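Peer 1: Chains as they are written, first to last, in the working numbering: chain A, 104 to 543; chain Z, 14 to 575.
Treat the hints with caution; some may be incorrect.
With beta-carbon atoms standing in for the labels, derived distance ranges [as the list claims (entries may be wrong)]:
(1) A:Asp377 x Z:Thr145: 49 to 55 angstroms
(2) Z:Asp432 x A:Gly158: 51 to 57 angstroms
(3) Z:Thr184 x A:Pro445: 53 to 59 angstroms
Selected chain A positions facing chain Z (Cβ under 7 angstroms, derived; list incomplete) [said to hold, decoys possible]:
(4) Val131
(5) Ser132
(6) Met156
(7) Gly158
(8) Phe167
(9) Thr221
(10) Gly248
(11) Arg259
(12) Gly313
(13) Ser314
(14) Glu458
(15) Arg461
These are computed hints drawn from the structure, not numbers from a lab. Owing to the predicted nature of the structure, the values given are computational and were not obtained by experimental measurement. Using N, Cα and C, we set each Cβ at its ideal position, and we do this for glycine too.
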Amino acid sequence: MTRRYDVVVIGAGLAGRMAALAAAEEGVSVLLVSESESTMRSSTGLVDLLGYMDGRTDPIAEPFDSIPELPSSHPLHNRGESAILEAFGLFDEAVGDGYRGGHTDRNGLIPTQLGTPTPTARYPRSFEAGLLSRGEEMLLLGIEGLPGFDGPFAARELASYDPPFDVSGGTIDPFGSTLPEQPRLRLARALDENERWGAGGQPNGAQSAGSRTRARLAAEIERVHDGQNRIGLPAVLGRERTQEIRDDLADAVGVSIFEYPTDPPSLPGIRLADRLDRALRNRGVELRTGMEVSGVSIAESAIEHLQIDGGTRTVRGREFVLATGGLIGGGLVESDGRIVEPLLGLTVSHPERSEWVREDPLARQPFATAGLRIDQSLRPLDSLGNSDGRHRNSNPQFDNLRACGAVLGGYDLAYEHSAGGVAIATGVRAGRLAAQEGST
Amino acid sequence: MTRRTDVLVVGGGVTGVGVARDLAMRGADVVLVERDRLAEGTTGRMHGLLHSGARYAVADPESAEQCIRENAILRDVASHCVEDTGGMFVSLAGDDQEYFQEKLAACEAAGIPTDQVTPDVARQIEPELAETVERAFLVPDAAIDPFRLVAANAASAENHGATILTGHDVTDIDVSGGTVEGVTVATESGDTEEIEAAHVVNAAGPWVDAVLDGLSVDVPVEPAKGAMAVTNSRPVDTVVNRCRPKGEGDILVPHETTAILGTTDEPIDDPDDFDESRREIEFLTEELAEMVPSLTDARLIRSYWGVRPLYDPDADGGDSTATSRDFAVLDHEARDGIAGLTTVLGGKLTTYRLMAERVADEVGDKLDLQRGCRTGTEPLPGSRGEVDVREIMDRYEVRSPVGARTSERLGDRTEDVLDSGSPNPVVCECEAVTAAEIRDAIDTSGPDLGAVRMQTRATMGTCQGGFCSHRLALLLPAEYDQETVWEELEALLAERWRGQRFSLDGDHLSQVALNRALYHLSLNVRQATSERVDLDFERYDGGQPRGELSSGHEGGSQEGTR
Numbered sequence: 104m105t106r107r108y109d110v111v112v113i114g115a116g117l118a119g120r121m122a123a124l125a126a127a128e129e130g131v132s133v134l135l136v137s138e139s140e141s142t143m144r145s146s147t148g149l150v151d152l153l154g155y156m157d158g159r160t161d162p163i164a165e166p167f168d169s170i171p172e173l174p175s176s177h178p179l180h181n182r183g184e185s186a187i188l189e190a191f192g193l194f195d196e197a198v199g200d201g202y203r204g205g206h207t208d209r210n211g212l213i214p215t216q217l218g219t220p221t222p223t224a225r226y227p228r229s230f231e232a233g234l235l236s237r238g239e240e241m242l243l244l245g246i247e248g249l250p251g252f253d254g255p256f257a258a259r260e261l262a263s264y265d266p267p268f269d270v271s272g273g274t275i276d277p278f279g280s281t282l283p284e285q286p287r288l289r290l291a292r293a294l295d296e297n298e299r300w301g302a303g304g305q306p307n308g309a310q311s312a313g314s315r316t317r318a319r320l321a322a323e324i325e326r327v328h329d330g331q332n333r334i335g336l337p338a339v340l341g342r343e344r345t346q347e348i349r350d351d352l353a354d355a356v357g358v359s360i361f362e363y364p365t366d367p368p369s370l371p372g373i374r375l376a377d378r379l380d381r382a383l384r385n386r387g388v389e390l391r392t393g394m395e396v397s398g399v400s401i402a403e404s405a406i407e408h409l410q411i412d413g414g415t416r417t418v419r420g421r422e423f424v425l426a427t428g429g430l431i432g433g434g435l436v437e438s439d440g441r442i443v444e445p446l447l448g449l450t451v452s453h454p455e456r457s458e459w460v461r462e463d464p465l466a467r468q469p470f471a472t473a474g475l476r477i478d479q480s481l482r483p484l485d486s487l488g489n490s491d492g493r494h495r496n497s498n499p500q501f502d503n504l505r506a507c508g509a510v511l512g513g514y515d516l517a518y519e520h521s522a523g524g525v526a527i528a529t530g531v532r533a534g535r536l537a538a539q540e541g542s543t
Numbered sequence: 014m015t016r017r018t019d020v021l022v023v024g025g026g027v028t029g030v031g032v033a034r035d036l037a038m039r040g041a042d043v044v045l046v047e048r049d050r051l052a053e054g055t056t057g058r059m060h061g062l063l064h065s066g067a068r069y070a071v072a073d074p075e076s077a078e079q080c081i082r083e084n085a086i087l088r089d090v091a092s093h094c095v096e097d098t099g100g101m102f103v104s105l106a107g108d109d110q111e112y113f114q115e116k117l118a119a120c121e122a123a124g125i126p127t128d129q130v131t132p133d134v135a136r137q138i139e140p141e142l143a144e145t146v147e148r149a150f151l152v153p154d155a156a157i158d159p160f161r162l163v164a165a166n167a168a169s170a171e172n173h174g175a176t177i178l179t180g181h182d183v184t185d186i187d188v189s190g191g192t193v194e195g196v197t198v199a200t201e202s203g204d205t206e207e208i209e210a211a212h213v214v215n216a217a218g219p220w221v222d223a224v225l226d227g228l229s230v231d232v233p234v235e236p237a238k239g240a241m242a243v244t245n246s247r248p249v250d251t252v253v254n255r256c257r258p259k260g261e262g263d264i265l266v267p268h269e270t271t272a273i274l275g276t277t278d279e280p281i282d283d284p285d286d287f288d289e290s291r292r293e294i295e296f297l298t299e300e301l302a303e304m305v306p307s308l309t310d311a312r313l314i315r316s317y318w319g320v321r322p323l324y325d326p327d328a329d330g331g332d333s334t335a336t337s338r339d340f341a342v343l344d345h346e347a348r349d350g351i352a353g354l355t356t357v358l359g360g361k362l363t364t365y366r367l368m369a370e371r372v373a374d375e376v377g378d379k380l381d382l383q384r385g386c387r388t389g390t391e392p393l394p395g396s397r398g399e400v401d402v403r404e405i406m407d408r409y410e411v412r413s414p415v416g417a418r419t420s421e422r423l424g425d426r427t428e429d430v431l432d433s434g435s436p437n438p439v440v441c442e443c444e445a446v447t448a449a450e451i452r453d454a455i456d457t458s459g460p461d462l463g464a465v466r467m468q469t470r471a472t473m474g475t476c477q478g479g480f481c482s483h484r485l486a487l488l489l490p491a492e493y494d495q496e497t498v499w500e501e502l503e504a505l506l507a508e509r510w511r512g513q514r515f516s517l518d519g520d521h522l523s524q525v526a527l528n529r530a531l532y533h534l535s536l537n538v539r540q541a542t543s544e545r546v547d548l549d550f551e552r553y554d555g556g557q558p559r560g561e562l563s564s565g566h567e568g569g570s571q572e573g574t575r
């Protein structure tokens, strides 16, 4: 007989990891299974709560003032300020000194790689000196050979918002004319290890007597630095030793060095996943990646166990948390004109296909609100109920299943900049409720 | 200052640039005006097939003969635009077998080489073919890139002294005393310009009658729409045709990394305003899956519609100088008493060069040009000789398959384009397009990212620009202001978005969701493109209250457990 876990969480994105952490905090046994590495690794590393509302074009400064205005079908609608704050507190504790933003309820503004201000509730510590509400003069640097990073463009863009500081842009050229494969990840590794660079302008480990990567980068920064108090670089400053690298660069140049977020591959996304993995292990959560859940066995209205790898193995649990993600993560998929939940066949609420998209690609998109409808204790409902969200005739599909994160419907995480808030608030609550049920 | 020219060509499709090139090579002074960008209309929305002529062999032998002749010419003079995929006609169980024999005989009569193969051999060549294939024969069909072909013709025309003006919309053809004196054009910036011309060639495709609006002439053009869909992979490497008389949903064309499903044929009233429906795309998938069953599960990344400028000779009273049932060169002097005006309509991309030659012959007679046509033998820029891909790749450290793809697109221009001296990263990973190629396209097309896309194929692969649209925009040089860059990026995103609205199936809906997350969450493009509001920076988090930030770094920490 295999071991029976108190709580089994399916899916290791931000929601699933927070659910597992919250459950583990209650002192129960927790297993976190995931099919593949999480899409968190492609995310910016920023953790938002609520960045934009309909009808206004400026980013939200105080998200807790706006959350009550969200429609009743929104997963954050009924969460309550203190519950959300408490859930974020658990996140802050898990990521420790690597993250900032927990000292205030306000959103911060961070420059993107295009120079646009973007709102966020939490940000990596290495981003802090780049906050746009600080007054120090800023230099934004791009890296020659990395497409999509143009320091002068980003600086001009940022200046057009009239921030409370002067901003200029520049380009550094650490590679010379020869680019390694995957230059972003290669540069991060070379910085972590502080590798020596060969004569051909390539990092090559300790084999040559060339200059060290950090010194080489610092020299390039000094070449374009012109008195600014803080200098922003794409977030490529290592995967593991980011603070040490920043310290070395700041020592050499004599001013603050910060990172700004990047499109994938995103080092801050990878670092966040690394940090949460360490927190999970510290709390005794068992992590298993590469486990494809192929089905479930059900007794009466409860899930008994998960079938793994085509049914050759099983995972038994008392309570289950579904955190398989939305359309991006594969927790929801399109099939014959409908959006379905492929693992358990749960009922998914979504608009008619002819209504899925609007003409403007940057508008709120109806298809993006597809997802599960849940009851007050986050149990997926078996029918869609009334459009007012009160679900009069709906019942939980399984007694021991809760859902959290992007598999939930009723919100557009991209348009609202609300992915992190929903993942953390619903993840923590799902994990906690599951642990309380699972231990009785 | 008023511009003056011998010949003014209206329309920047393949026919228009072909006419401009041909006449410029004969020594005429040529200006071409296009209301939008080159290849934006019918040409850029074709199915990518270089016909062998087999498709027309039974119903229209004259077109078939033209196709096979032009097919051979273009393989030579436009070699860098053509992929020699070969083509195959297949007959399925239940299809009319007499028609199959009739098609074979008609191909032979038209001079189209055929090679009948057994169903087993057909499936060895194309393993995805259905078990129901009963008969098959091979023909010299090929795949052709219409964007590259137009760009090469335009470049050659310019090299011979022609002027190409995009974003110039003809509002009037100016006629005085029964003779054309020139045209009035509206530019994108809202200005009006008059261009004097001894002769005007109307090569506006489905818009030929709109160009003639205001003159009391009637041209027999019947616009017909055709739907196409694009898969993210190549289920076949050969052009596969269904051998049957009915002409819809019967062709699958491999194209670069994708395949194009075609097509439909339905008359419409207005080439700028017609219905596009999901049903048409579903029809294509269903019909073509009879030949290639795996198409049922193929990932569609895009759909698009083209409008054919069909010529109807029966509606034309026989008083044109029509050279084919398929296309017509209308001399408005003989026909309508307006001297100095020629309209060309009908035809197909495969025969564009021949159409241009016929037009140039007629215009050349009127203008007394001494030189004859040379487009049948003079290679287009990019197609002059073999390219040593491996040598160039080594020299510029471009990795395979990127280098191979680059040289396929650029032909003999590969070396010029790559020789920039700075690092040359891949910008569009799906289509393996490097920064040097994008910069080269911007050099020739200006800041129009739509034209850059067409020229390079960047944004045209599986992710449909999700990962690279902003990279393209950032390659616009600093001389273009922020507003231009954002307008271009917004236009590119909107164009890509529109093409995907009927491709929201399976994995591609996931891709669309991911692309949105990137543009909102990683790049926050919306903040730049929405109406600018003053941001009150003081209202947002300014960081943890602590000592002076500018004093240096923040001291050691435990970040990064080793």
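Peer 1: Does each hint fit the structure? Answer for all of them.
Peer 2: Structure-based check of each hint:
Remark: the range hint 49 to 55 angstroms for Asp377 of chain A to Thr145 of chain Z is upheld by a beta-carbon distance near 54 angstroms. The given range of 51 to 57 angstroms is respected by Asp432 of chain Z and Gly158 of chain A, whose C-beta atoms sit roughly 52 angstroms from each other. Distance hint check for Thr184 of chain Z and Pro445 of chain A: the Cβ-Cβ separation is about 55 angstroms, which falls inside the suggested range of 53 to 59 angstroms. About 26 angstroms separates the beta-carbon of Val131 of chain A from the nearest beta-carbon of chain Z, more than 7 angstroms, and the hint is not met.
Here the hint on Ser132 of chain A is broken, as its CB sits about 25 angstroms from the closest CB of chain Z, past 7 angstroms. The criterion of a C-beta within 7 angstroms of any C-beta in chain Z is not met by Met156 of chain A, whose closest approach is roughly 13 angstroms, and the hint is violated. A distance limit of 7 angstroms between C-beta atoms decides the matter here; for Gly158 of chain A the minimum to chain Z is near 12 angstroms, and the interface restraint is violated. Given the 7 angstroms rule on beta carbons, the hint for Phe167 of chain A is violated: about 13 angstroms separates it from the nearest Cβ of chain Z.
The beta carbon of Thr221 of chain A comes within 4 angstroms of a beta carbon in chain Z, closer than 7 angstroms, and the hint placing it at the interface holds. A hinted interface residue such as Gly248 of chain A counts as satisfied when its beta carbon comes closer than 7 angstroms to some beta carbon of chain Z; here the least separation is about 4 angstroms, so the hint holds. Contact between Arg259 of chain A and chain Z, as hinted, is supported at the beta carbon level, the nearest pair being about 6 angstroms apart and thus within 7 angstroms. With a cut of 7 angstroms, the hint placing Gly313 of chain A at the interface with chain Z is violated, because the nearest CB-to-CB distance is about 18 angstroms.
The criterion of a C-beta within 7 angstroms of any C-beta in chain Z is not met by Ser314 of chain A, whose closest approach is roughly 19 angstroms, and the hint is violated. Because the closest C-beta pair between Glu458 of chain A and chain Z is about 11 angstroms apart, greater than 7 angstroms, the hint is violated. A distance limit of 7 angstroms between C-beta atoms decides the matter here; for Arg461 of chain A the minimum to chain Z is near 9 angstroms, and the interface restraint is violated.
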